[in-house]
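Residues per chain are reported as follows:
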Amino acid sequence: MADVLYTNVRIFDGGGEAPFTGDVLVQGNRIARVVKTGFGQRTPPVLGAQVIDGDGAFLMPGMVEAHTHFSWNDQPSLDAIQRMPPEEHILWCAEVAKRYLDMGWTSCVGAATAKPRLDVVIRNAINDGTIVGPRYLAASQEITVPGGLGDTTAPHLPQSEFAFGAVVSGPHEMRRCVRMFAKYGVDTLKINLSGESITGMPSEMSQFTTKEISVCVEEAKAWGKRVAAHARSTWSVKECVRQGIEVIYHASFCDEEALDLLEAHKFEHYIAPGLAWLINTVHNASAWGLTPEVVRKMDYPRELDAAIESMRALRKRGVRILPGGDYGFAWTPHGSNAKDLEYFVRHVGMSPMEALLSATAWGGPMMKMGKQLGYIREGCLADILLVDGDPLADITVLQDRSRILSVMKDGVFHRAPPVRGARSTTRWAA
Amino acid sequence: MADVLFTNVRILDGTGANPYTGSVLVAGNRIRQVGRGAAAIRPAGAQVIDGAGATLMPGMCEAHTHFSWNDAATLAAIQTMPLEEHVLWCAKVAKKYLEAGWTSCVGAACAKPRLDVVIRNAINAGQIPGPRYLAASQEITVLGGLGDETLPHLPFPEFSFGVNVSGAEEMRKAVRLFLKYGVDSIKLNLSGDNFTPQSPAGTTWMTDAEVAAAMDEVRLRGKRGTAHARSAASVKQALRHGIDVIYHASYSDTETLDMLEAAKDRVFVAPGIAIIYAMLNEAEPWGVTRAIATDMGYQHEWEAALESLRAMHRRGVRILPGGDYGFAFTPHCNNARDLEFFVKYLGFTPMEAIRSATQYGGQIMMRGHELGTIHDGALADLLLVDGDPLANLAILRDPKRLLAVMKDGVFARAPEIAAQRRWERAA
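Residue numbers (my numbering), protein chains in the order written: chain A, 8 to 437; chain B, 2 to 428.
A hint or two may mislead.
In silico SDA-like cross-links for lysine to any residue, where the CA-CA straight-line distance does not exceed 20 Å [claimed, not checked]:
| no. | chain 1 | residue 1 | chain 2 | residue 2 |
| --- | --- | --- | --- | --- |
| 1 | B | K96 | A | R106 |
| 2 | B | K237 | B | D266 |
| 3 | B | K93 | A | E275 |
| 4 | A | K105 | B | E86 |
| 5 | B | K181 | A | R106 |
| 6 | A | K105 | B | P130 |
| 7 | B | K97 | B | L403 |
No wet-lab data here; the hints were simulated from the structure.
For reference, chain A alone in the conformation it holds in the complex (with noise of 0.2 Å):
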């Protein structure tokens, strides 16, 4: 692997200050130097290194989405993702793992899998270099209960390889449940501890025993694993923040003591709220039959107004909110994930900046790698975008491919900035 330097680049290195220019030596898989330099002046090449001369483009740390699905299959129910046989699912889940680098998210947490294996194949697989795709951290199914969110069993057809998620019912068999699942490989335990709406079970209704939780985090912390909690209810969200689950996904209903709960332990949480799934469904799913009848009666625009409230307040007290989440249904299809950040900007009060670190600075502990990802420092893993355009000033220029200029993970380039000038049509074989 050739070392590559960015000259003439704006940095912005998440550090939170303002974008400065300068460049960046990448050497083998790391961030070797950043140096600031006036405009226009180029620093020397280093003897051997690729040079990028970027012209003044944007470059910024790789984005980590918090909350991936890769086997979700762009389909408009969970019904619909389970049929996909699993040799078709599994070429689907490197297909969308190639896309999620191609779109600039370097790293992805899975929050959940169709079916038993697919995570841990496809982060092995990336990882052993059989297929191309972000840093992935691997989750099981999700663990429900009959009838709760994940259970998609006919009452005639109650073989679980229909089932979307994994059901158990009682402590014992949560524990079997997650011994398997360990086995397997994965890196986090998914458990949804709270309804959805669109399934039956309402997004406020909180369908596990305190006794099955806490089995789950003990056995899944036995083995070192994390655990993420599908948690849109008041009485879920506070039942992660007793019960020690690291990950929260959604959050949408926080009454004042949820609050409270999340700001006093905001360093041993972070918050995805998938705002997403909540914005499209109500706004532009009614191709596929959720028109704005529907969802009202499903609930979702007063869920969207609570999780909207919610998140503004978690912000303010400095609760870590991250960008992704269930994208790869029909109405939020997989590569759009960056629209998260315009939410957050639009909806949730961030600015540009927070916007921008939540999907790189915070990324890094979410990864569980602490501050080697989501800078562009020395020493860091040099996981590297370079945009056209300011996303500081047009957050959205990150959902646009070709605004994003190239991809770089883990010093490789997945996608090498185009040569400028105009092509040659003339290619000389021998």
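Keeping the supplied structure of chain A fixed, place chain B upon it in accordance with the hints.
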């Protein structure tokens, strides 16, 4: 897809004709025009590739491909790979074949029921890169035959490399299941194999009623039967039942040769002799010394196979390259070695070897009129090779000598620009 004009290339057109200098214009996914000599074809907006005298030949066809063999040393080690990993493995191998110049592959059996079908569909849908592909079933075998990898205390079908049937009705059901999955061919193990000592190469154990039931179903749905047939009896059985693709054919007698010759316009033989050679000469790192291989019967088979195949070649039976790459001792993408073996051991001329990989390849892909040779209107599956394969066939398995691979008008490997590369890239 931009049009491409190859100029200044030596065209080896796959028909057996001598190569000539000329130009080839590709428009869309087809060869629009082949020009002889220096009479230039006007580029008219096409991307021009100056071949500087390199050889342009049709993409090659592998006649006996197992994407799902995972370069392991045993059938059990192939079978124990979990399903998800196995699919990704197949996808990776498919891409490697294409990049190695095999623009078409005939699936000859897969290790789990749907692997071949899923990979073919994913290639056709553009989801993964890979050659044109005909998808096979698993090997259908009988209890105790080649491919039955179940253990007495673990009789579960998931442990078995092939599908075990007993009796015509079980055969019919197994074949129907694979046809439901969408295979292009049904693979029957009509003979044993020295790789599995409980059912060596000389044995033939499927009943005519079983084979007939399989071929009934195959014909009913317009598909193709293929056979693993090493023994003379199994080759004859395949021919009697209308199986067109015969793998191995190591042992033959005069009757077998006469039957093959009589059927030579419909029959293809892909012997896969690389595995026999490798077991005898190159498998020691995996514990198979020459003495062990000889004990297993490989020396005897090698001698018989060379004699049989030479005789077939003399009688004009089409013999095609490929076969049983994907084991530890015959790793994937060394497949072009078969062409060298054909010349060295079977009495082929280099031109005949090339033709077996190109023109005959188009025929076994059932698209002989548009695949496998370079002519106006043919599908644009092309290789640009640095050097003359007729002078040295070994260059076909050297990735550095393969300058470009085009499938269906699109470069799977684009030629490098020979002009000095500019290191400076600008955003």
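Practice task
For the pair supplied as a hint, B:K237 and B:D266, confirm whether the alpha-carbon distance does not exceed 20 Å.
Solution key: holds, 16 Å
Problem - Agreement of B:K181 and A:R106 with the hint, judged by alpha carbon distance not exceeding 20 Å - result: Measuring from Cα to Cα gives roughly 32 Å; hence the hint is violated.
Problem - A:K105 paired with B:P130 [C-alpha distance capped at 20 Å] - result: holds, 14 Å
Exercise for the section: For the pair supplied as a hint, A:K105 and B:E86, confirm whether the alpha-carbon distance does not exceed 20 Å. Expected result: The hint holds at about 17 Å.
Handout entry: Hinted pair B:K97 and B:L403, Cα distance within 20 Å
Key = This hinted pair holds, its Cα atoms lying about 13 Å apart.
Practice task
Could you grab the alpha-carbon distance between B:K93 and A:E275 and see if it respects the 20 Å cut-off?
Solution key: Violated. B:K93 to A:E275 sits at ~40 Å, over the 20 Å cutoff.
Exercise for the section: Take a quick look at whether B:K96 and A:R106 sit within 20 Å of each other, Cα to Cα. Expected result: holds, 18 Å
The structure does not agree with the numbered hints 3, 5 stated previously, though it agrees with the rest.
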